[in-house]
Amino acid sequence: MGILEIKQLYKCFGHHKVLKGLDMDVPEHSIFGFVGKNGAGKTTMKIILGLLKADSGSVTVCGEEVRYGETKTNRNIGFLPDVPEFYGYMNPLEYLKLCGEITGLTKSRIKTRSEELLELVGLKDANKKIGGFSRGMKQRLGIAQALLNEPKLLICDEPTSALDPIGRKEILDILLAAKGKTTIVFSTHILSDVERICDRIAVLHDGKLALCGTISENKKRHRHNGFAIEFENEKDALLFENTEELKHPSINLSRDGNAVTVLLTDSNMDGHFILDVLSQMRIVPLRFEVMEPTLESMFMEVVQ
Amino acid sequence: MRGYLVFLKKELFEYTKTYKLLIMVLVFVIFGITNPLVAKLTPVILKSFMTDGIIITLPEPTAYDAWMQFFKNATQMGIIVMVILFSGVLSSELSKGTLINLLTKGLSRKSVILSKYTCMVLVWTVSIALCFGLTYGYTVYLFPKEDTPNLLFSVSCLWLFGLFLLAVLLFSAALVKSSYGCLFITVIVMAACIIMNIIPSIHRYNPISLATDNMGLLVGSIEASSLYDAILVSSLFSMIFVSLSAMIFQKKQL
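Top to bottom, those sequences are chains A and B. Residues in the first sequence are numbered from 1 upward in steps of one, following the numbering used here. Residues in the second sequence are numbered from 1 upward in steps of one, following the numbering used here.
So that you can see chain A by itself, here it is in the shape it has in the complex (with noise of 0.2 angstroms):
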């Protein structure tokens, strides 16, 4: 059973359809990342943690069923939002403190927990009020005060969409150091970000889940049968380009200079069947590689 699961969810606001019958199932330990225009996810969150009432479906946090305005499935939830926003007068210790005191932890776990966290997210040191902090240092807090009661699962709302490349490559970290002890959900729209830390992604599409599962199982199913080929000189690429077996209308051949790029569309055709064209030519290629899909052309197809 996984730790979160999404049924069947609808949600419109208006006459716009965000959401047509969304099914998902976050698997425990895992990084989840779910990629989808803008809105979409975070109204999904919202949903989750109740803050949002659905037109119908279910969620399910830890086998608990999620009711909208109630909040008692949000103990097992860490949630950072995408502008995470805290009580300028207060500083991070006294900010942590409280949302402890929510949570019910005792006094003692709170203090070791919010300096572990603290030192985990880099603001051991920033003893001021958070009024005074950058986007980033928020950024980094709101995190320490998702982690604050060790949730089983953490949700986190584009954590890098507004932050320079540092900071993106430090959140990031943050996350992946987190990985062992939780679970994590994020939308973005950062594809990259999703290649570095997450194990699995969803790819949410006109209301519906468009592509699901582990990153490269999804690599696997959509790897095309595509093939770069690069030969020691023009002359060969040139009359391998040329040959007649090749011209096919199921088959795709682009050349830049001693490079040329094969795409079988047809499903019976595979690389051996280049192999064979190329021995037939007798021509040796210095390099014979099969194209690995990348997130950004799946992502392209699944929404188109």
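None of these hints come from the bench; they were simulated from the model. Mixed in with the good hints, there may be bad ones.
[To be verified] Computed footprint of chain A on chain B; a stretch qualifies when at least three of its residues, placed anywhere within it, have a C-beta under 8 angstroms from a C-beta of chain A: (1) 14-25; (2) 61-67; (3) 92-102; (4) 105-114.
[As the list claims (entries may be wrong)] Chain B side only, calculated, beta carbon under 8 angstroms to chain A, not exhaustive: (5) 10; (6) 72; (7) 250; (8) 253; (9) 254.
Ideal Cβ placement from N, Cα and C applies to all residues, glycine included.
Mind docking chain B on chain A? Use the hints.
This is chain B only, laid out in the frame that chain A set:
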């Protein structure tokens, strides 16, 4: 219950740190000190303006004048300052998003409403108590040996009216998003109360009587028992408004 206490502590901390408590207390302390002084000094001030040709005869100031100042200031400026200060009670937290974080930590929405109301009531109680204490002390000092009947009852009525007003304020805050909307609804409710007060049969039950009949109680033109109905109605409606606020806030999409 735990959430309620923790959030109440946070609210009190917030009022001290953001100087709201200071402003409230300062305003009411200044009133408390100046009420009897103004009563005592008004004839002196007026006398200094008098030239030879004009003669104004002024009655000797009494303790009643001091209490008149007290009820005038507390029900006008005092209440206005309070309502403006508290108008952002929910909207500021909702628009900034500071509350969402705590709600996602398992803080119940009911606790938020109840602790916010408790905190406002506490601030109002401290302010009015300070103002009353200071006015009382100075009045006894400046106008000794003067007895004012029904004084404590009269002030309690005013205090209860404050509770009613805060409940209305909280209800409007739960109803609309912006602090201006909240102010607007509160003002409308107050205006409705004032207009309805014209009808004598309603006056008896109208919460606003608690803030308009105070001097009458002191001079004896109004019987204490004539306000019992208004007290009952105010208490009842305060409870209804607070419960409604909690119910509306529970269903609010954040």
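Checklist entry - Looking back at the numbered hints, which does the structure fail to meet, lowest number first? => result 2, 6
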